[in-house]
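Enquirer: Once you know that position 4 of the sequence shown is 4 in the UniProt record's numbering, the rest is easy, because the numbers rise by one and skip nothing.
Because the hints were derived from the structure by calculation, they are not lab data. No experiment lies behind these values; they were computed from the predicted model shown. For glycine and all other residues, C-beta sits at the position ideal for the given N, C-alpha and C. There may be inaccurate statements among the hints.
[Unchecked claim] Each computed DSSO-like pair below joins lysine-lysine, with the alpha-carbon atoms no more than 27 angstroms apart: (1) K38 - K16; (2) K16 - K40; (3) K17 - K38.
[Said to hold, decoys possible] What follows is a set of in silico ranges between Cβ atoms, one per label pair, in the way DEER data are often shown: (4) I30 - E57: 16 to 26 angstroms; (5) A20 - S44: 16 to 26 angstroms; (6) V47 - A20: 11 to 21 angstroms; (7) N35 - Q9: 29 to 39 angstroms.
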Amino acid sequence: MKSISQTTQQMESISKKTSAFFRRYHVGQILRAANACKLKGFSSILVFLVLVSIIFE
Numbered sequence: 001m002k003s004i005s006q007t008t009q010q011m012e013s014i015s016k017k018t019s020a021f022f023r024r025y026h027v028g029q030i031l032r033a034a035n036a037c038k039l040k041g042f043s044s045i046l047v048f049l050v051l052v053s054i055i056f057e
């Protein structure tokens with residue numbers, strides 16, 4: 001069983017790597033070009049970031 005601190009560290013690492021990937025490959029611009037937008041709530045890039053992070057968890 002993993003401890004909570006290990007899980008938290010792994011999640012932070014995944015989040016940092018995913019954010020770096022998004023910045024490097026301009027994923028936000030690609031999403032805007034594909035008309036990925038929302039009317040309310042969290043931004044579409046944040047939702048996409050969370051989904052990608054969950055995949056690689």
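Enquirer: None of the hints should be skipped; say for each whether it holds.
Expert: Checked hints:
no.	hint	result
1	K38 - K16	holds, 24 angstroms
2	K16 - K40	holds, 26 angstroms
3	K17 - K38	holds, 25 angstroms
4	I30 - E57: 16 to 26 angstroms	holds, 23 angstroms
5	A20 - S44: 16 to 26 angstroms	holds, 19 angstroms
6	V47 - A20: 11 to 21 angstroms	holds, 18 angstroms
7	N35 - Q9: 29 to 39 angstroms	holds, 36 angstroms
Violation of the numbered hints given earlier is absent; every hint is satisfied by the structure.
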